[in-house]
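Peer 1: If you want the building blocks of each chain, they are given just below.
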Amino acid sequence: MSGPWILPLRGEARVEIAERACVAVVGPAAAAHVGAWGDTEAAAILVPDAQEPLLAGWSVADQIAAALGGTRRAALDRAVDLLERADVSEPHRRVRARPHQLTAVDRQRAQLALVLARDPALLVAEDPSAGLVPDDAAALLATLRRVWVSGGFALVVGTGDLTDAERVADELIILDADDGVRERRRRVTTAGSGEAQASSTSSPSSSSST
Amino acid sequence: MLYPLSYEGEAGRATGPGVRGANPADRQPAGRVAADAVAERALQSATVSVAPHELDPAPRSPRRLRLACRSRPGWVPRRPWGPRRPGRDREAARSGGPRGLGPARATAAAVLVLLLIFALGAPLMLALLGLPGPAHRDPAALNLFGNPTGPSGSHPLGVDGEGRDELARILYALRSLWLLSLAGTGLAVLLAWALRRLPVAWGSRRLLVGWAIDGLLSGPAALPPVLLGLALATRLGTGPLRLIVPIALTLLWPARRSRPSAAGLARLIGLAVAIDVSLTFLGMGPGGGQPQLGAMMAHAGRATLAGIPAWWTLVFPGAAILVLALAAEVLTRGPESPAATPWLARLPRPSARMSVGDRTRPWGAGLGGPLLAVAALALLGVVGFGGHGRPGLGTSALGRLGSVLGASGSLLCGAGLVWLLLGAGALWLHSLPRGRPSLGVALSPLAVLLAAAPVAWVSLLSLLVFSDSVGSLPILPGAGSYTGLAGHPGRWAQALILPWLVLGVPQAAVSLRALSARGDAVRASAQQRVARSAGVPERMLARQRRRALLPSLLEGVTAGLPGFLSGAVVVEVTFRLPGAGALAVADLRQGDPASVSQLALVTGLLVILGRLAVDGWLSGLAPRRPA
Numbered sequence: 119m120s121g122p123w124i125l126p127l128r129g130e131a132r133v134e135i136a137e138r139a140c141v142a143v144v145g146p147a148a149a150a151h152v153g154a155w156g157d158t159e160a161a162a163i164l165v166p167d168a169q170e171p172l173l174a175g176w177s178v179a180d181q182i183a184a185a186l187g188g189t190r191r192a193a194l195d196r197a198v199d200l201l202e203r204a205d206v207s208e209p210h211r212r213v214r215a216r217p218h219q220l221t222a223v224d225r226q227r228a229q230l231a232l233v234l235a236r237d238p239a240l241l242v243a244e245d246p247s248a249g250l251v252p253d254d255a256a257a258l259l260a261t262l263r264r265v266w267v268s269g270g271f272a273l274v275v276g277t278g279d280l281t282d283a284e285r286v287a288d289e290l291i292i293l294d295a296d297d298g299v300r301e302r303r304r305r306v307t308t309a310g311s312g313e314a315q316a317s318s319t320s321s322p323s324s325s326s327s328t
Numbered sequence: 069m070l071y072p073l074s075y076e077g078e079a080g081r082a083t084g085p086g087v088r089g090a091n092p093a094d095r096q097p098a099g100r101v102a103a104d105a106v107a108e109r110a111l112q113s114a115t116v117s118v119a120p121h122e123l124d125p126a127p128r129s130p131r132r133l134r135l136a137c138r139s140r141p142g143w144v145p146r147r148p149w150g151p152r153r154p155g156r157d158r159e160a161a162r163s164g165g166p167r168g169l170g171p172a173r174a175t176a177a178a179v180l181v182l183l184l185i186f187a188l189g190a191p192l193m194l195a196l197l198g199l200p201g202p203a204h205r206d207p208a209a210l211n212l213f214g215n216p217t218g219p220s221g222s223h224p225l226g227v228d229g230e231g232r233d234e235l236a237r238i239l240y241a242l243r244s245l246w247l248l249s250l251a252g253t254g255l256a257v258l259l260a261w262a263l264r265r266l267p268v269a270w271g272s273r274r275l276l277v278g279w280a281i282d283g284l285l286s287g288p289a290a291l292p293p294v295l296l297g298l299a300l301a302t303r304l305g306t307g308p309l310r311l312i313v314p315i316a317l318t319l320l321w322p323a324r325r326s327r328p329s330a331a332g333l334a335r336l337i338g339l340a341v342a343i344d345v346s347l348t349f350l351g352m353g354p355g356g357g358q359p360q361l362g363a364m365m366a367h368a369g370r371a372t373l374a375g376i377p378a379w380w381t382l383v384f385p386g387a388a389i390l391v392l393a394l395a396a397e398v399l400t401r402g403p404e405s406p407a408a409t410p411w412l413a414r415l416p417r418p419s420a421r422m423s424v425g426d427r428t429r430p431w432g433a434g435l436g437g438p439l440l441a442v443a444a445l446a447l448l449g450v451v452g453f454g455g456h457g458r459p460g461l462g463t464s465a466l467g468r469l470g471s472v473l474g475a476s477g478s479l480l481c482g483a484g485l486v487w488l489l490l491g492a493g494a495l496w497l498h499s500l501p502r503g504r505p506s507l508g509v510a511l512s513p514l515a516v517l518l519a520a521a522p523v524a525w526v527s528l529l530s531l532l533v534f535s536d537s538v539g540s541l542p543i544l545p546g547a548g549s550y551t552g553l554a555g556h557p558g559r560w561a562q563a564l565i566l567p568w569l570v571l572g573v574p575q576a577a578v579s580l581r582a583l584s585a586r587g588d589a590v591r592a593s594a595q596q597r598v599a600r601s602a603g604v605p606e607r608m609l610a611r612q613r614r615r616a617l618l619p620s621l622l623e624g625v626t627a628g629l630p631g632f633l634s635g636a637v638v639v640e641v642t643f644r645l646p647g648a649g650a651l652a653v654a655d656l657r658q659g660d661p662a663s664v665s666q667l668a669l670v671t672g673l674l675v676i677l678g679r680l681a682v683d684g685w686l687s688g689l690a691p692r693r694p695a
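Chains as they are written, first to last, in our numbering: chain A, 119 to 328; chain B, 69 to 695.
Hints were generated in silico from the structure; no laboratory data involved. Quick caveat: nothing in here was measured; it's all calculated off a predicted structure. One or more hints might be untrue.
To be verified - Below, a sample of chain A positions facing chain B; criterion: calculated Cβ distance under 8 Å: (1) D157; (2) A162; (3) P171; (4) L173; (5) A184; (6) A185; (7) G188; (8) A192; (9) R216; (10) L232; (11) V233.
Stated by the list, open to error - Between beta-carbon pairs, the in silico distance windows are: (12) A:S268 <-> B:A592: 32 to 40 Å; (13) A:T158 <-> B:I565: 47 to 55 Å; (14) A:Q219 <-> B:P501: 35 to 43 Å; (15) B:A592 <-> A:D195: 27 to 35 Å; (16) A:E202 <-> B:R614: 26 to 34 Å; (17) A:D199 <-> B:A561: 54 to 62 Å; (18) B:G254 <-> A:T158: 47 to 55 Å; (19) B:D683 <-> A:S268: 41 to 49 Å.
We treat Cβ as the ideally placed atom computed from N, Cα and C, and that holds for glycine.
Bound-form chain A, shown alone (with noise of 0.2 Å):
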């Protein structure tokens, strides 16, 4: 299924979101709005580490095998090049580490793997840097920005710091107290590059606010 998808926010109110858009919801609950969004068909979920979102015991070889099918031969070495994707380092050896192996970020790393297997048309990140020290969360951050720039799918992050949103999406939506759409506006980029500065500040007409 392809875009653009609808999405509810409390009440009445929308969030259209475009294919191939990067887009950040930030507010006091957009981490949970986007994660009841996560439960769609057509999108693929990431969540913060301490919901323990991998399997306790099993490698993350055998979890990414289970989402790949076909032959275990097969399976390993697209899980590598999965892990890869997701800057994982040293590939090789971490695919066969358990999830308690790992530090918080290469979980989270192992967990996009994950859901990069089914190569998602819409990729919801529930807050994915949660938990993580700032280095690492802003790494994380830039690798689910680089992997959106070379993959074909539209990413939609929530969380409720305006730092991360900003290190990752082209276009934010800040919710109000009440969860509507207070505004919804590009990213402002660096004055040499030449795009677009801050479009507007009105809310757009395909999300309304109640």
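Got chain A; can you put chain B on it based on the hints?
Peer 2: For chain B alone, coordinates are given in the frame of chain A:
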């Protein structure tokens, strides 16, 4: 212009409630203030002309980095006496089901309270019903052959072999059961609470002190409660203490672990009732001439198996225990949330401040306490310290070691096999997807019933129905028909079918409790959501669910081990299997407590070995992430 990338951002992230909580309970929209703060920062940054990810990160001193980490919610303080991890309580409450008492649990609570009122007001009840007292013998109520008569107008539940009114005796026995159980439970809760609380009050915050106290509390729970009670029985005289002390010792660890909620209290009372009934069944009554439900069942069972037809003397006392235990069991299967019962939540919570170093406890540290308890028992039993019995080995337990071990081993292996097979079946049932009409849901009332029924009663009833001597459906050999495996394998298996089922099935039902609480949590877990969204097929998802449930099953098995061994003693006595438990009880009745002490010692070591094995397996199955 500088972009406002600063550590105030990190601090604000932690203070904005629920922003990065991993937990849906946290996901309430925060106040308008927090949202406005985010929007304000958005407006500020809109005027900035440099993208933050293209800037070099500001120089970060290690100290500031540490502070920033500390403000992250995932960070766990390493203070030994520190508070629990914030998400865990709520998570436990969530996985346990809806909050508050449902209709079934409210009924169970009402039944418990009614039984308590009936029991405590037994004299008043008898006066109202116009029944004689529990010790009043009425020869007129016996029939021509001197046998008891069944339910009639003047005796609603019939009379026993000596012409005493059954209803009066049951009410008085319930009263004594309640008083003993409540005394034991209260003592255990008080002791556990005081032992956990006092070091804090005295200002000791050492991890080691906490572990030592936990070891003390958890030690006696590793011993089979019935054997512990029997081993202590001769040393505690013939008063009520011989029941209260074993109950209190066994309940120390459950009391430490459970929350002061209706479910926690019901679990403690259910355990206390089971121990009380088993011990009085084996003849370790509190004295004082009060009727005891266990003793009534034992007496009625002996008479019935001897061919005196008086089913009411066996059925009604057991049914009274069943109702009581069933109510406690239903109440137990609820959320153990402190918020479930506000009236109890106001009590000081033993586990809130005092979960000392639970996450940092080294592997195997939990075995120190049980080892200590076994050592104490060794002092009591083998050395004979403080006992009336002579030191040394028991008279008969070691004399016929081969056949004794054969009988006990046959019983334990077969019943353990039944237990594990049923557990594996339950694991499979609970890994089925939720949408399908689940057999597990249909079977759960049966599991509750089986878990609540007293083992002694079920054994006697099964003999009453199926044994070829007195049974109404005589298809299996009766009590005392055990022969060795070597002599006649077919007869060996036939004689053991009933004991295996009677011992194994309730154990499986008990360990199902842990599984059914966990099944829904596993289905809704983040692991399943992520795997499903990654395109893992349903067959593999079910396999992963089974894998995630396996540790719960194993934990249930280890936790049930002492109860299993206790039940084995009761089953050996009822079915007259010539095993170690039955012989030790026989020795004890003849005034020789040494073999019971040794048996308790050996079974305690068995439990420790089993726990060690399962702990080792679990550490590979579900490795803990570093905290």
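Peer 1: A separate judgement is required for each hint: does it hold in the structure or not?
Peer 2: Right, here's what the structure says about each hint:
no.: 1; hint: D157; verdict: holds (7 Å)
no.: 2; hint: A162; verdict: holds (5 Å)
no.: 3; hint: P171; verdict: holds (4 Å)
no.: 4; hint: L173; verdict: holds (5 Å)
no.: 5; hint: A184; verdict: holds (4 Å)
no.: 6; hint: A185; verdict: holds (4 Å)
no.: 7; hint: G188; verdict: violated (12 Å)
no.: 8; hint: A192; verdict: violated (16 Å)
no.: 9; hint: R216; verdict: holds (6 Å)
no.: 10; hint: L232; verdict: holds (5 Å)
no.: 11; hint: V233; verdict: holds (5 Å)
no.: 12; hint: A:S268 <-> B:A592: 32 to 40 Å; verdict: holds (33 Å)
no.: 13; hint: A:T158 <-> B:I565: 47 to 55 Å; verdict: holds (53 Å)
no.: 14; hint: A:Q219 <-> B:P501: 35 to 43 Å; verdict: violated (30 Å)
no.: 15; hint: B:A592 <-> A:D195: 27 to 35 Å; verdict: holds (33 Å)
no.: 16; hint: A:E202 <-> B:R614: 26 to 34 Å; verdict: holds (31 Å)
no.: 17; hint: A:D199 <-> B:A561: 54 to 62 Å; verdict: holds (57 Å)
no.: 18; hint: B:G254 <-> A:T158: 47 to 55 Å; verdict: holds (53 Å)
no.: 19; hint: B:D683 <-> A:S268: 41 to 49 Å; verdict: holds (45 Å)
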